[in-house]
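Student: So the chains spell out like this:
Number of protein chains: 2
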Amino acid sequence: MNFTQLSATELEKKKRELEESYRSFQAKKLSLNMARGKPGADQLDLSNEMLGILTPESDLHASTGDDCRNYGLAGGLPELRTILAQMMDVDAGHVVLGGNSSLSMMFDTVSLGMTQGFAGCEPWGRQSHLKFLCPSPGYDRHFAVTEYFGFDLVTVKMTSEGPDMDAVEEAVKDPSVKGMWCVPKYSNPTGATYSDETVRRLAALKPAAKDFRIFYDNAYCVHDLTDTPDRLLSLWAECEKAGTLEHVFFFASTSKITFPGAGVAAMACGDENLKAIRRRDSFRTIGPDKIGELRHLRFLKDFDGVRAQMAKHRALVAPKFRAVEEKLGKELSGKGVASWSNPNGGYFISVDVLPGCAKRVVQLCAEAGVKLTGAGATFPYGKDPEDANIRVAPTYPPIGELEQAMEVFCIAVQLAAVEKLLG
Amino acid sequence: MNFTQLSATELEKKKRELEESYRSFQAKKLSLNMARGKPGADQLDLSNEMLGILTPESDLHASTGDDCRNYGLAGGLPELRTILAQMMDVDAGHVVLGGNSSLSMMFDTVSLGMTQGFAGCEPWGRQSHLKFLCPSPGYDRHFAVTEYFGFDLVTVKMTSEGPDMDAVEEAVKDPSVKGMWCVPKYSNPTGATYSDETVRRLAALKPAAKDFRIFYDNAYCVHDLTDTPDRLLSLWAECEKAGTLEHVFFFASTSKITFPGAGVAAMACGDENLKAIRRRDSFRTIGPDKIGELRHLRFLKDFDGVRAQMAKHRALVAPKFRAVEEKLGKELSGKGVASWSNPNGGYFISVDVLPGCAKRVVQLCAEAGVKLTGAGATFPYGKDPEDANIRVAPTYPPIGELEQAMEVFCIAVQLAAVEKLLG
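Protein chains in written order, with our numbering: chain V, 7 to 429; chain A, 7 to 429.
Hints in this document: simulated from the structure, not taken from any laboratory. Be aware that a few hints might be false.
A pair holds if it fits inside one copy or across any two, identical chains being indistinguishable in the list.
Listed below are the simulated EDC-like cross-link pairs for lysine to aspartate or glutamate, each with C-alpha atoms no more than 20 Å apart in a straight line [claimed, not checked]:
| id | residue 1 | residue 2 |
| --- | --- | --- |
| 1 | 307 | 23 |
| 2 | 318 | 233 |
| 3 | 377 | 72 |
| 4 | 281 | 153 |
Please work from the sequences and hints to get the whole structure.
Tutor: Pasting the structure below:
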């Protein structure tokens with residue numbers, strides 16, 4: 007029963023039915039949240055062991071001999087750098103550890119470009135008409151960082167293989183285009199992983215701006231949810247071959263491996279950029295939180311430890327993704343009112359509703375006690391030109407609440423579609 | 007026996023004696039470090055209890071209901087903000103918690119001025135010929151931050167009551183003077199605490215630049231070492247009265263209370279500045295390290311807990327200060343070759359040797375295995391116009407090593423003086 011083929015009378019009837027179901031959910035006074043990619047409490051419990059892993063009796067020295075409690079050891083713990091390097095698929099000698107937030111490392115790197123500049127160019131803050139490429143739908147917080155610093159946000163279409171590389175190659179001919187946001191694996195929100203060709207074309211980019219920089223946020227690098235995980239070609243290796251390593255800043259964190267509130271973030275980059283980052287840090291700090299790093303190292307131990315931890319996350323998260331996909335399939339399949347992703351990992355399911363309906367769906371859900379990411383949030387300036395994309399984040403609510411929220415969501419999608427089709 | 011009154015022959019004799027003592031220390035192949043204001047291992051042990059204070063069984067919720075393990079709670083734990091507010095002597099509602107480094111918060115605040123500007127003015131990064139006031143001798147890392155961002159560093163003389171306020175009041179008539187570094191209590195390195203008059207004159211400043219900002223680093227606010235601690239008038243209260251709260255950013259941290267490598271930093275400021283800081287943080291992070299904050303809160307409990315902890319520090323640190331002062335008194339008193347501070351707290355003893363001798367003293371010490379802060383480090387650009395000031399940091403070495411290092415130091419001071427007097 008495809009809604010787009012129904013008569014006005016049939017649609018009116020459908021509308022009354024949907025409104026009735028909707029009101030019955032409203033009567034339940036729900037308060038459910040599928041807005042942000044936030045781990046559930048059960049996922050956080052997986053790392054509770056880390057809380058007690060250091061005691062007053064522990065050896066608190068790094069392998070370098072440094073006392074982790076004191077100032078110093080600018081680069082952080084070498085073994086933890088190696089783990090993060092393996093996660094990011096980069097050279098461990100080029101990794102810098104940060105605080106608990108990779109977003110802060112990205113923000114600070116844009117800020118570095120603003121005040122010091124890259125590649126010997128004038129600082130971005132002294133140039134004008136700066137632009138940044140935003141593959142969309144994408145991550146709202148990425149876009150917001152460059153908006154904060156005054157960049158014009160340029161939308162590039164996301165495809166199932168990553169950003170539309172024809173458009174990217176064309177765009178970087180403009181010397182005012184200074185960079186590009188990327189989430190290469192299980193992209194936020196579509197779940198797409200960049201194809202080998204996309205990675206190779208990124209490495210081969212010949213931007214007009216010498217200070218063009220790709221911000222490559224591998225937030226979901228180890229966040230597989232199926233037996234057929236996506237494989238991402240190493241951009242580091244491709245850039246090394248192409249001689250373009252200075253074009254890229256790589257990022258990742260343990261936020262969704264251990265604790266979002268107390269993880270360890272990391273970045274990596276080529277020699278020249280690394281020199282600038284380390285120089286900045288030598289002015290900015292007398293050393294990172296090495297006790298937090300030591301807890302992570304003793305808890306995760308090595309990259310195999312990360313994989314083992316992620317298998318435990320998968321056991322908790324995959325059923326939630328399946329529940330969402332099953333509900334979408336059961337309630338919306340064949341009705342012509344929505345399409346959605348079935349990602350092999352990451353934190354989101356991306357739903358495209360009928361054009362012009364996304365805001366209405368989010369509103370209907372909100373008025374029935376189900377909070378979603380704001381419609382449009384996945385596009386620059388929060389404006390989805392089609393008003394069609396909705397990001398669903400299944401991880402935070404317990405599965406029972408999630409199923410209830412999805413029932414409301416599916417009714418809202420249909421109701422918004424019927425309203426639209428009735429004009 | 008004042009060296010300046012000795013004959014050339016007497017000086018030659020003195021020189022030979024000193025050289026002999028010096029060589030005997032060189033033969034010992036010492037390796038001692040009095041370079042940085044770093045707590046000793048015994049001081050770090052005072053906070054080891056904090057390592058085990060959270061366990062997998064602990065309640066990990068903030069008083070706000072937030073799970074400290076997860077994203078969120080942008081401002082951090084309210085009760086910890088209150089403790090830091092009491093330390094800084096500011097209003098708790100205006101405190102922002104940071105990561106483990108107050109230096110990073112200062113750096114980021116200068117960076118904020120560079121990219122966004124203050125008081126609606128053009129960002130500093132788009133203005134030219136920026137200047138920053140540096141009371142000297144002062145803290146090298148402060149000066150370095152503003153040098154990094156391209157400010158001209160303007161030396162203002164430190165007196166026993168704080169910066170020479172006549173000079174400051176004159177300097178701020180220049181609209182290109184954008185700010186000033188301050189360590190108001192037990193100043194690094196002289197140990198001076200700002201007098202009530204200095205604080206009042208700071209609050210009453212009428213800078214020509216609307217975007218003039220005082221960076222008020224209360225690093226040693228609770229770091230008393232005697233029964234007659236210095237008292238610092240509240241700049242917050244004075245600025246409130248004078249209507250100049252927007253002129254000041256206040257900073258402090260628990261680095262020298264708990265762990266330098268894993269403490270909690272904080273800043274405070276007036277409404278408008280606070281709005282800008284919070285806005286920036288809303289783009290920069292999804293929440294602070296609340297687990298680290300929770301450990302601090304459960305360990306310190308309240309401001310009384312901070313005071314109790316500082317009494318324990320004092321018991322370890324005060325004897326080291328006394329040892330240095332005693333050695334200086336015994337070896338150098340009445341010789342006319344040096345004067346030094348006897349601070350009531352903080353982390354440093356400031357020694358003034360004969361003009362033109364500081365570099366030589368540091369070199370002689372280094373060549374006998376005793377590392378000191380580089381001569382000149384306490385002045386802008388690392389250049390002491392008198393080449394006279396040396397910063398001694400007594401906390402890090404065990405007391406036996408410290409006494410040995412001071413013997414070398416006292417010989418070096420005398421030897422350099424004799425060399426100089428002999429011309």
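Student: Run every hint past the structure and note whether it holds.
Tutor: Here is what the structure says about each hint:
1. 307 to 23: neither (56 Å within a copy, 57 Å between copies)
2. 318 to 233: within (14 Å within a copy, 56 Å between copies)
3. 377 to 72: between (47 Å within a copy, 18 Å between copies)
4. 281 to 153: between (26 Å within a copy, 18 Å between copies)
When the structure is compared with the earlier hints, a violation turns up for hint 1 alone.
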